[in-house]
Amino acid sequence: MVETSKQKLLIHICCATCAAYVLEQLRERFDVTAYYYNPNIYPESEYNIRRDEAHEYCKRNGFSWVEEAPDQTKWHQTVKGHEHDPERGNRCTICYRIRLEKTANYAQQHGFQCFGTDLTISPHKDAKRLNAIGKELEAEYSIKYLEADFKKADGFKKAIELSRKECFYRQHYCGCIYSFRSQGPRK
Numbered sequence: 001m002v003e004t005s006k007q008k009l010l011i012h013i014c015c016a017t018c019a020a021y022v023l024e025q026l027r028e029r030f031d032v033t034a035y036y037y038n039p040n041i042y043p044e045s046e047y048n049i050r051r052d053e054a055h056e057y058c059k060r061n062g063f064s065w066v067e068e069a070p071d072q073t074k075w076h077q078t079v080k081g082h083e084h085d086p087e088r089g090n091r092c093t094i095c096y097r098i099r100l101e102k103t104a105n106y107a108q109q110h111g112f113q114c115f116g117t118d119l120t121i122s123p124h125k126d127a128k129r130l131n132a133i134g135k136e137l138e139a140e141y142s143i144k145y146l147e148a149d150f151k152k153a154d155g156f157k158k159a160i161e162l163s164r165k166e167c168f169y170r171q172h173y174c175g176c177i178y179s180f181r182s183q184g185p186r187k
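Sequential numbering from 1 applies to the sequence shown in this note's numbering.
Hints are computed from structural coordinates only; laboratory data are not their basis. Do not rely on the hints blindly, as some may be mistaken.
Okay, the calculated beta carbon distance ranges per label pair [stated by the list, open to error]:
id : residue 1 : residue 2 : range
1  : E56       : Q109      : 23 to 29 Å
2  : Q77       : C167      : 34 to 40 Å
3  : K152      : S64       : 25 to 31 Å
4  : L162      : G81       : 33 to 39 Å
5  : D85       : E24       : 31 to 37 Å
6  : G62       : C167      : 15 to 21 Å
7  : Q183      : E140      : 29 to 35 Å
8  : N61       : H84       : 35 to 41 Å
9  : Y169      : G62       : 17 to 23 Å
10 : R164      : E140      : 34 to 40 Å
11 : I160      : T73       : 32 to 38 Å
Below, computed lysine-lysine pairings styled on DSSO-like, alpha-carbon distance capped at 30 Å [as the list claims (entries may be wrong)]:
id : residue 1 : residue 2
12 : K152      : K102
13 : K102      : K80
14 : K157      : K8
15 : K158      : K135
16 : K158      : K102
17 : K135      : K80
18 : K151      : K59
Where a beta carbon is used, it is the ideal one built from N, C-alpha and C, also for glycine.
Construct the entire structure; sequences and hints are all you get.
What follows is the structure, encoded as structure tokens:
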């Protein structure tokens, strides 16, 4: 029997806790590359913890890895005026778009057949909104968007179980300076 080649998928990831379960779910159907672009993450030490742990997981488990340097100045300029938006408000929508658009652009420029994000694994993220943005970018960049809600079918619960098994760092806020300020310092 001849095995057909898998489509190349570029999946935006935010941290190891969210990425590990999603990557494992996708590897059967796709040739998966993890894409780390998160200009929202504050402070730099938090960015480094999340990036390094996700990168190490990918290396240990045979996933390709791409990291784009975060343009935090552009991110701050783009969300300007939305500093006081509530979590899951317009600032988050803008942030989703920034990261998904960068993913779509990279995927298009580097020969991927599709792109997606692990952000829908979180119950704190609006999967419907993320998928709508992804579909808009699919049309704009002429590259297939993997529409998903990874938290369904106990996906989030399974992600947390895998996170515990792997002893992953679990952050207490989404990532940006504004969510950090609203959550306060970790006790």
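Could you grab the alpha-carbon distance between K157 and K8 and see if it respects the 30 Å cut-off? Holds, because 27 Å separates the two Cα atoms, which is no more than 30 Å.
Hint check for Q109 and E56 - Cβ pair distance inside 23 to 29 Å: holds (26 Å)
For the pair G62 and C167, does the Cβ-Cβ distance stay inside 15 to 21 Å? At 20 Å between Cβs, range holds.
Between R164 and E140, is the Cβ distance one that fits in 34 to 40 Å? Between R164 and E140, where Cβ atoms are some 39 Å apart, the hint holds.
Is K151 within 30 Å of K59, Cα to Cα? Within the cut-off at roughly 24 Å; holds.
Is the distance from the Cβ of Y169 to the Cβ of G62 consistent with 17 to 23 Å? With Cβ atoms ~22 Å apart, the hint holds.
K158 and K135: Cα distance at most 30 Å? holds (26 Å)
Are K158 and K102 close enough, with their CA atoms no more than 30 Å apart? Judged against 30 Å, a Cα distance of about 28 Å means the pair holds.
Starting from the hint 33 to 39 Å, judge whether the C-beta atoms of L162 and G81 obey it. holds (38 Å)
Do the Cβ positions of I160 and T73 conform to the proposed distance bound of 32 to 38 Å? holds (34 Å)
Take a look at whether the Cβ-Cβ distance between Q77 and C167 falls inside 34 to 40 Å. holds (37 Å)
For the hint 25 to 31 Å, verify it against the beta carbon of K152 and that of S64. For K152 and S64 the Cβ distance comes to about 26 Å; the hint holds.
Comparing the model with each numbered hint stated earlier shows that all of them hold.
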